[in-house]
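If you want the building blocks of each chain, they are given just below.
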Amino acid sequence: MRAASVRARTAAVVGERPSGRRRPRGGHGMRLRRGTTARFVLLAVLIAFAAFFLIPVVWLLLAPTKTDSGLVHSNPFAFGSLRNLGTTWHYLVTFEDGALLTWLRNSAVYAFGALAITLVTAVPAGYGLALTEFRGRKLLLAVTLVVMIMPASALVLPLFLEINAAHLVGSVWSVILPMSFFPFGVYLAYIYFSSHIPRDLLAAARLDGCSEWGVFWHVAVPLARPVVALVAFFSFVANWNNFFLPFVMLPSSGQYPVQVGLENLLSSTPSFNPAAGAGLDITRPELALAMLIAIAPVLIVFLFSQRALVSGMLAGATKE
Amino acid sequence: MIHIRTTLVPHAARRRRLAAAAALAAAALVLAACGKAGTPATGGTSSSAPSFKPATQNSSAPLTVWVDSTRLPGVQAYQKAHPGVKLNIVTYNGDANGSNYLQTKVELYDRAGSGWPDVVFTENVNDITWATEPGIDFAAPLNGYVPAATLAGFATNALSPCTFGGKVYCLRNDLAQDVLWYNKKLMNSFGYQVPATWQQYQALGEKVAAQHPGYIIGTVGDAWAPEVYFWASQCPANQVTAPSTLTVNTASPDCTRMASLLDTLIKDKAVSTDTVFSAGFAKNTASKVLMLVGPSWYGQTLFNAVFKTPAGQIAAAPPLAWAGDSATYTGDVGGGAWIVSAHSANLKAATALATWMTTSNAYQATAGTYPAYKAAAAAWLANQARTGYFADNVAPAFTEAAGMVWPGWSATKFSQEAIWAATVVPALTQGKTITSMLGAWQTAIRDQAQALGYTVK
Amino acid sequence: MSGRKARRARGTLRARHGYAFVAAYLLLLLAFGVLPAGYAIYLALTNSAGQLVGLGNFTAVAGDFRFGPAFAHIGVYLAIWLVVLVAGVVGLALALHGRMRRTTAVMRFLYYLPGALAGVASVLVWLFMLDPTVSPVGWLLNWLGYTSFAQVIVPGHLPVVLAVIAFWTGAGGWIVIMYGALNNIPDDLLEAARIDGAGPLAIARRIQIPMLRKWIAYMVILAFATGSQLFVEPQLVGEASLGAVSNSWSPNQLAYLYAFQANDFHSAAALSVDLLVLGLVCAAVIVTRSGLFNLE
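Residue numbers (the numbering used here), protein chains in the order written: chain A, 1 to 320; chain B, 1 to 457; chain C, 1 to 296.
Take these hints with a grain of salt, some might be off.
[Said to hold, decoys possible] If you want the footprint, here are the derived chain B segments under chain C, 3+ residues with CB under 8 Å:
no., region
1, 101 to 111
2, 274 to 284
3, 424 to 435
4, 447 to 455
[Said to hold, decoys possible] What follows is a list of derived Cβ distance ranges for each label pair:
no., chain 1, residue 1, chain 2, residue 2, range
5, C, Val277, A, Ala48, 52 to 60 Å
6, A, Thr94, C, Arg205, 28 to 36 Å
7, A, Val109, B, Pro62, 21 to 29 Å
These aren't lab readings, by the way, just hints derived from the structure by calculation. No residue lacks a Cβ here, since even glycine has one placed at the ideal position from N, Cα and C.
Here chain A stands alone, though its shape is the one from the complex (with noise of 0.2 Å):
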């Protein structure tokens, strides 16, 4: 294939410089000419929200450093002390004999496999829907976006029925897969291939004598490294966070992913459920901690994939 004709074809389109990078974005042609006076107040905004949504993040950093009663009593900003959270990550890394780790590893397990799939399967389907054309196209987009937006109550008995007729329930195949299903994912990559990548450049690449599926990996795929980066992220994200799903599937709290886990947590506080009793040392600086731990991964996550999200051409959307 002559790949390189095409590449360089696909950037002449494209106005990439070879190399693939745009040109950086600087506030030279963006200073505003109506004063600083607006400039402030745009500053002042933007960073009124930030603390909107820090405030409580902040908190949440600072709340394993105390006590329970430290949490109550104390300012909320105050920093307790190193101890506290020594006291706190020991209690929490000794409920249920180790319980967090497992759930964390579970949770690694159920997320990047169905990411895997979902990567497979969306990104194709996507660039089938967006740039060839067959009878059911715009079927098969409605009805996708029909089922994202059922809601996921009267799903669960369906969805349960099915994977036990398949006899996979129990086996991590009965979270995975039903994960790996991510309409979002497909719609994503569908907007982003209909949008940003240009049909002139799959012909000439037709004409140049691709077959089809080279024209997808040869063209396409390469062009479509954000949404590829996109979709990862955002499935990831689902995945990890999802609940109810494992919640309904799972029979065994060693399969438990760390969201099923939290609840467990949140039961055992006895601040939220006084029927726990005194005696287990999970207070609120033990959840706090725990969920810090169960975000830290997607943070992780979303700080490698910042830029390739939103580096050139971007084109999404998503279900919270």
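With chain A held as given, fit chains B and C onto it using these hints.
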């Protein structure tokens, strides 16, 4: 390159055809009603006793045990002490806080035809109501497997929520009998006597409001407030009188007397409309708690762990009586239970586990809450005295209260706590009185009960 | 006519390959989307004995004493939520887009942070944030006249409180998406407008927002659907308050109760279909208006 622009709007003719088809389908739907909608729910106790057909028994089959994190050490200890029985231990949330987890899973397993656990611990004794419903039949009757003497060894009326048609379907793990908690140090320094009747309680509250404003003698903002006050007053707000039939009458004098008592004290600010578990209460009011009417677990879980009241201050008195009543009763705020699955292949071992967990001193003596089994309770009380936290021995008050729980407040499929918290507490927060909310409370109970299949009288 | 025939042959070939690309996804769609949804619709139309009951389940559910209040709650919530979300997300994305690159990246990360805190345990965060006695923004709540947690979550305040929580968790992800979509607008267009003397507000109104139309349409469809199917936020506040928010505040919560408290999957399915139809009507209106399904 000619692109064919396709749009979502089909041709006019196709559109008309689609519309016609849709209209036909809708008409068909409306007309095609062959049966009555919904699942007939029977609610509460069944009209006939739940059916029980044990599965093929295998005395060496492993047991799947569902337990919450608090009782997990007990089950692990049982496994160690009985290595012959293979236990597959699953920790779950104990079905707490209205999560409905146990019911959800049992219903799913019912439809799949397999997968039930052998023996479960639930923190919510109300679970037994759906577990004994015909059609679900999850709970196994235990009379054939637990000796009658053991069953008789539970506190008076402790097993009545578990009993249907003369058979016992669960074993109570613990009681949360309501006693009168008081701060002995403060009472002595203020020169007050511990009240013995509700009338004295009210008088004391008015005195406290006048002489030491800011100090409180009770809370009504807790979700379990009706189980503390109205249950003790024998208010018929939650009485299952016949299978699937509920009696609710909050206008009864037994209810109104408690409502007006509380309203007087709320107006005086001697009783708080906040809940003991709110952060605001812990911060501002915990040090000003003179008395609280509440369950036996308040001692360690609330005063010690949350309020951090120093040792040697808190004591418990027996439940208050209504002067003029022939008998004194108290309420009960929950307590957990063990249920043995009717689908279990090893009922003997499953029941043995449940019996051990509820009756053995080995586990119960150091449990967090007051055991429902009398002998274990005695051991537990001895242990509590050893911790030295309370100002006086709580044993007399606890034991007396354990025997006085009024049997007229039943276990139900709906949660009284959820109704009180969602209906009455917000009104109290906005300044309304309990007496003015009695009608709304009754309506809410009636609506919830009917939605779950009860007939409400 | 050989040209047309050749083109048609090529077209059919391309169509076959189109199927090949979507095949794997189609399998998943059928297994985990269409089949369960179809079964759910079947459940909505039958009773527990398997008989067809027409619209019986729907009328029974509509007569439930919790049905009306639940939809009333969600109506008020949606009105607040849609306005706040669209205005907030588009506004913030535009504001971010005019800043220096590094600040923007940091801000985007900060705005996204709460979204990662989705989940059951975030009840802890809101228990403290909404309690004036211990909250970092207690001064604000006190200024508004609330001195206790119970006062903040009285029924009248709930739509606003829940919209705030939903915005806090949901806005960040949308801002990331909108910001990226803004990056797609060619620089030359913006330069040209600037040279013509347009200020940032005019550029936003005349160029950027119209070019964002598809994404905004998409966001509104999904925001409407997720808003009408609100579940997590009222459940959270209910747990945090130990029950002060009814566990059937929203229709989706009621569907959950039908399924898992009353063992009535048929009513749950009927209510879910109600919510589905609601979401689809909104989607259909927006799709046809904005030409979302059209190929460029």
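Tested hints:
Judged by the Cβ-Cβ criterion of 8 Å, the region 101 to 111 of chain B is covered by chain C as claimed, because 3 of its residues qualify and three suffice. Only when three residues or more bring their CB closer than 8 Å to a CB of chain C does the claim for the region 274 to 284 of chain B stand; here the count is 8, and the claim holds. Residues of the region 424 to 435 of chain B with a Cβ under 8 Å from some Cβ of chain C number 4, which satisfies the need for three, so the listed coverage holds. With 4 residues having a beta carbon nearer than 8 Å to a beta carbon of chain C, the region 447 to 455 of chain B meets the requirement of three or more and the stated coverage holds.
Under the hint 52 to 60 Å, the C-beta atoms of C:Val277 and A:Ala48, about 39 Å apart, miss the expected range. As the Cβ distance of A:Thr94 to C:Arg205 is approximately 58 Å, the hint placing it in 28 to 36 Å is violated. Separation of A:Val109 from B:Pro62 is about 25 Å and conforms to the stated range, judged on CB atoms against 21 to 29 Å.
Of the numbered hints given earlier, the model fails hints 5, 6; all others are met.
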